[in-house]
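Participant: Model the full assembly from the supplied sequences, consistent with the hints where possible.
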Amino acid sequence: MSEISDSGDFNFSDVGDDVFTSSSGTETGSSGGTEGIVGEGSELGTEIFSGESAFGEVSSEKESVEIPAQQMVENFHIQSMGQIMEMNGKYMSEDDMNRVSAGVNEIRAVEYDPDHNYTGVYSFYNGRSVIEIASIDPEQMERTTIHETNHFMSHNHEVFVPQPDRNGYTVFSTVGTREKSWFVSNETGERSEFTSKGEGMNEGLTTMFTNQQLMEISEEKGIAAERQNIYSHATEICKQLEDIVGEDTLKEAYYGGNLDKLEQQVNALAGEHAYETLRDSLDRTLSRDWSERTISMMEAQRILNEMYKNGGMES
Amino acid sequence: MMEYILDYLDEKGVYAANQAEQEKLEKGIRLFLLEKGIKEDDNDPYFKKYIASALNLIGTADLKMYLSEYPVISAIMQIVLEWKADGRIPSSRKENLRSCMKELYESGLGDRYIPATEVQMILA
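Going down the list, the sequences are from chains A and B.
Numbering of the first sequence is given in my numbering, commencing with residue 50 and proceeding in unit increments.
Numbering of the second sequence is given in my numbering, commencing with residue 24 and proceeding in unit increments.
Please keep in mind that the hints were generated in silico from the structure rather than gathered at the bench.
Some clues are possibly wrong.
As the list claims (entries may be wrong) - In silico SDA-like links for lysine to any residue, alpha-carbon gap of 25 angstroms or less:
id	chain 1	residue 1	chain 2	residue 2
1	A	246	B	101
2	B	117	A	341
3	B	125	B	146
4	A	358	B	76
5	B	72	A	297
6	B	125	A	163
7	A	139	A	127
To be verified - Per label pair, the in silico range of CB-to-CB distance:
id	chain 1	residue 1	chain 2	residue 2	range
8	B	116	A	186	18 to 28 angstroms
9	A	128	B	76	44 to 54 angstroms
10	B	122	A	164	19 to 29 angstroms
11	A	344	B	71	19 to 29 angstroms
Cβ coordinates follow ideal geometry from the N, Cα and C atoms, glycine included.
Facilitator: Structure (structure tokens):
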């Protein structure tokens, strides 16, 4: 489903993985080059994208954990796909439906490595999707696999724009509500000019949908996941947003790629550019800086209060 | 909003046993509100709805301790987010985390309201 425009002379296989992360999961974009088969370990070079543009190296020599962690992860993934399809399939576009029907290119459980600051990774690059789950305990693996499967089943889209004058190309990548771009040099494969927006909303929505799925499986699992959530601020704001704009609008944005409708609704209720401010505020709720998180929450709350006062669904 | 939360606790039959407990509870509530981006004098219906939703997630038996220990919960979240952003954290922060976790376990809250897996990964 990746959209590749007429290329100059760039070589996709030279590009490393670009990661979108979540802490109950992580989200990336990945390169071609490694043909993975579900259930088999294969080399996966992965770079973690966190916040602005800091890419950190992750070892490409991880050992795949075999039975039973691998089987557990695959089972959780298959169950989760069925659940998401049943609950949210109606929101997905034909392109995404075709991509999802073909299955994830690679999914694997890996041994927990204390040097890695994530419990799961989803990467999507050049039409190739990879899920990696750290094997810690069954509950965490279930939670994380559902989270990463939601990233996989959300709207995934990418465009490669050749820039022959610069001997490279720019990648525009969307996963859920997160939009990223970066430039890749044909000569060195080096990446630069990273931009990212919508990560906070994307992680908040992914966690909210994951928790809803867990709640369907068992109330105990759903409540525990909500209480132990690393993205609690973003998730709480997304829950309120859902109450105000309605479930359909949020799911059309996340699974269907219709961000325009969400933006229009937010702006109609809270004023011009309110969506942009809300999206950026949610990005900053993930900050390591306490003051930045607190200020961003204040900004987000003002917008939601305005929306609520001006006729949100439940006001 | 402070009054709203105290009334909420009242309705749930949750009370401070003495002045010291009351002060600790109110200090926790202030930080709780601040981190949620809500001012103490915000009284619009939206904020009440938001707070009710956040408090409903806490078991009634845990409410008083959760709010009283909120500064500890906040400190744990801070360390987890530093780890998440930086990949590694210095050993002094790990010690801080260990000490916070000890306090939470002693309070009876355990790891119910913090990102338990991430804490486990940091302290491993």
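Participant: Could you tell me which of the numbered hints above are not met by this structure, giving the numbers in increasing order?
Facilitator: 9
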